[in-house]
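Could you put together the complete structure from these sequences and hints?
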Amino acid sequence: MLSAAQDTSYKADYLFPIEPGKQNYFAGSMGELRTTHFHGGLDIKTRGVEGLPIYAAEDGYIIRMRVYPYGYGRGLYMMHPNGQWTVYGHLQRFAPELEEYIVKKQYEKESFEINLENLPSNLFVIKKGDIIGYSGNTGSSAGPHLHFEIRDQEERPLNPVDFGFNEVMDNIPPTVRGIRLRPLEIYSRVEGEFSPALKSVTGKSGYYQVPSSFNALGKVGVEIDTYDRADGTYNKYGINKIQVYENDKMIYEHIINRIPFDESANINTFTDYKAFLDTKRRYQRLYKFDSNHLPIYPDSTLTGFIEVDPNERKNIRIELWDSFDNHTVTKFTIKGQNPIPRASKKFDSISIEENILKVAIPAEKGKPLRLHFPLWNQSVQPAYHKGNVNYYLWDLRDGLPFMCSVDSTKVDTHLKYQVPHNSSLKYFGKNVNMEFKERSLFDTLYLTIQEESNLLKINEYYTPLHASVNVQYEVNDSSLVSKNNFVFRIDQKGKAHFVGGKWNDNTISFRTSKLGRFTISPETTPPKIIPLKQWKSNQLRFKIEDEESGIATYKATLNGKFILLEYDAKKDYIQTRLLNEKQPLKGKFKMIVTDRAGNTSVFSKTY
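Those letters in the sequence shown? Residues 1 to 607, by this note's numbering.
Everything labelled a hint here was simulated from the structure, so no lab data went into it. It is possible that part of the hints are untrue.
Unchecked claim - Label-pair distances were calculated between CB atoms; the ranges are: (1) ASN431 x SER405: 23 to 31 angstroms; (2) ALA343 x SER408: 21 to 29 angstroms; (3) GLY178 x SER344: 15 to 23 angstroms; (4) ASN166 x LEU119: 29 to 37 angstroms; (5) ASP262 x VAL411: 47 to 55 angstroms; (6) ASN377 x LYS199: 58 to 66 angstroms; (7) GLU185 x SER478: 45 to 53 angstroms; (8) SER344 x LYS555: 55 to 63 angstroms; (9) SER405 x LYS204: 49 to 57 angstroms; (10) GLU185 x THR524: 51 to 59 angstroms; (11) ASP568 x ASP325: 35 to 43 angstroms.
Unchecked claim - Using 27 angstroms as the maximum straight-line C-alpha spacing, the simulated DSSO-like pairs for lysine-lysine come out as follows: (12) LYS236 x LYS204; (13) LYS605 x LYS109; (14) LYS219 x LYS331; (15) LYS128 x LYS109; (16) LYS335 x LYS416; (17) LYS457 x LYS528; (18) LYS555 x LYS105; (19) LYS249 x LYS346; (20) LYS346 x LYS365; (21) LYS104 x LYS605; (22) LYS199 x LYS386.
The beta-carbon is built from N, C-alpha and C at its ideal position, and this holds for glycine as well.
See the structure below:
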């Protein structure tokens, strides 16, 4: 079924790249939801070992070779006669001829990190079934496996499962864990309030239902917590196709089978980013979120929006398919009712949900909220009441209040500016300037800035960015101004993550890909270099660590000449590699390791 959605001219008879003809298992599937992106291929298990032969899936030639401490690690890219690519990532090493070539180039460029692109078509001509490398655990790999991709002529990843590999079996339908219903407009309500409501499901083996009805009014959208499994493994995979039906009429459909890499970060609008950070659950939005530009919707008119009128009853059915066409159905109902919401002890006094400012203040029921703007004030009636707390809603497209008040209770909104997405903009504030690029934002950002002692807060930790923003922060506390002080970002668990920064007088400039809380602290600790026992007489091994800011650069010489260092960042491990591996390692060895704050450590010894 999913195969029909793809152009048959793209088909090819590919060989399974590892132990072809034998049963295998996936550690990850195409389109699986990852932290910052959709997974672009298959992760094929290697029984927890390294060094298994990797075979070329089809005739072609090596067009790209890359070695990198992160990402795919040691990766090979092949071009095939039909214009498609295959990609092989996290390799332990390449085939001997390729390995000799890449090491020679690393020595020429005097760099471990190397990216050789657009290689001549006659340099490495490969036949289907040739060994091109060996499985490994290099780069950002959580364990030994092969990352395998098939890409179309425009380098968009295709679903390899659609090419008919028989090495992997999957007869298990998708699993559903929970359903959420979310209000989508200022007058919408779910269970009496302007917040999503979650309900667990009952059932198994392809059929689930929500035991009790949702109560809602106005425009709402469905969100689902779901995953897939396959025979013989406990790994969780992605769901490739989902349809939503309202009273048996299809209102939404998405198919995840071809996602351009430059759009993959839209996973943070396709799912609820805050819920993932807080609960590690990914709730997929089964409606067209206005900032989501993913090319996964066959019919753009199927928005997934559900309009619920008073006393109306909606029967909702969700149908899900995995890559192997295993099918699951989930059903629930929505009643057009607006019950009194339950009281809760915990609440945020100020929050922003899409375009809506939500203010929660303990006050007499029905007491209006006063919104304070630079040139006028405006009263807003409570949208609803929970216990002794009034909840007020305001559409920020109608203005940005700097303060809210009820009687003597005042709450600062810290709202500074409305930043549109898809446009470059420079914001100039009292102590904070920010520069947004055209692709910095997924959606309109209602910029909030707070300062208190050594803490700068810019929006929330769960505000997703599509690309980095530049920040200039003028520091009032002169004791913080030091070339040894840098910006750190504090995550929701209180852990500090190095960001960096450069000083110009009392202003520090830094670039960040995440918003939230920032502080300024010293970083003067140099990296640790710990020699390890030698496995080979002509190879040196070390553990290099820097817990505060992380390793930035590493280089070494032997008798004053460059010697290659192979770095495994996830293991904090580095080792030497001679151009001629049969040559003895003799003479004066010197290694310099520098962290991101510029602190340096040196190891020197004569062998």
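Against the structure, the hints come out as follows:
{"no.": "1", "hint": "ASN431 x SER405: 23 to 31 angstroms", "in the structure": "25 angstroms, holds"}
{"no.": "2", "hint": "ALA343 x SER408: 21 to 29 angstroms", "in the structure": "23 angstroms, holds"}
{"no.": "3", "hint": "GLY178 x SER344: 15 to 23 angstroms", "in the structure": "19 angstroms, holds"}
{"no.": "4", "hint": "ASN166 x LEU119: 29 to 37 angstroms", "in the structure": "32 angstroms, holds"}
{"no.": "5", "hint": "ASP262 x VAL411: 47 to 55 angstroms", "in the structure": "40 angstroms, violated"}
{"no.": "6", "hint": "ASN377 x LYS199: 58 to 66 angstroms", "in the structure": "40 angstroms, violated"}
{"no.": "7", "hint": "GLU185 x SER478: 45 to 53 angstroms", "in the structure": "49 angstroms, holds"}
{"no.": "8", "hint": "SER344 x LYS555: 55 to 63 angstroms", "in the structure": "56 angstroms, holds"}
{"no.": "9", "hint": "SER405 x LYS204: 49 to 57 angstroms", "in the structure": "52 angstroms, holds"}
{"no.": "10", "hint": "GLU185 x THR524: 51 to 59 angstroms", "in the structure": "52 angstroms, holds"}
{"no.": "11", "hint": "ASP568 x ASP325: 35 to 43 angstroms", "in the structure": "39 angstroms, holds"}
{"no.": "12", "hint": "LYS236 x LYS204", "in the structure": "16 angstroms, holds"}
{"no.": "13", "hint": "LYS605 x LYS109", "in the structure": "25 angstroms, holds"}
{"no.": "14", "hint": "LYS219 x LYS331", "in the structure": "19 angstroms, holds"}
{"no.": "15", "hint": "LYS128 x LYS109", "in the structure": "31 angstroms, violated"}
{"no.": "16", "hint": "LYS335 x LYS416", "in the structure": "39 angstroms, violated"}
{"no.": "17", "hint": "LYS457 x LYS528", "in the structure": "32 angstroms, violated"}
{"no.": "18", "hint": "LYS555 x LYS105", "in the structure": "16 angstroms, holds"}
{"no.": "19", "hint": "LYS249 x LYS346", "in the structure": "39 angstroms, violated"}
{"no.": "20", "hint": "LYS346 x LYS365", "in the structure": "18 angstroms, holds"}
{"no.": "21", "hint": "LYS104 x LYS605", "in the structure": "25 angstroms, holds"}
{"no.": "22", "hint": "LYS199 x LYS386", "in the structure": "20 angstroms, holds"}
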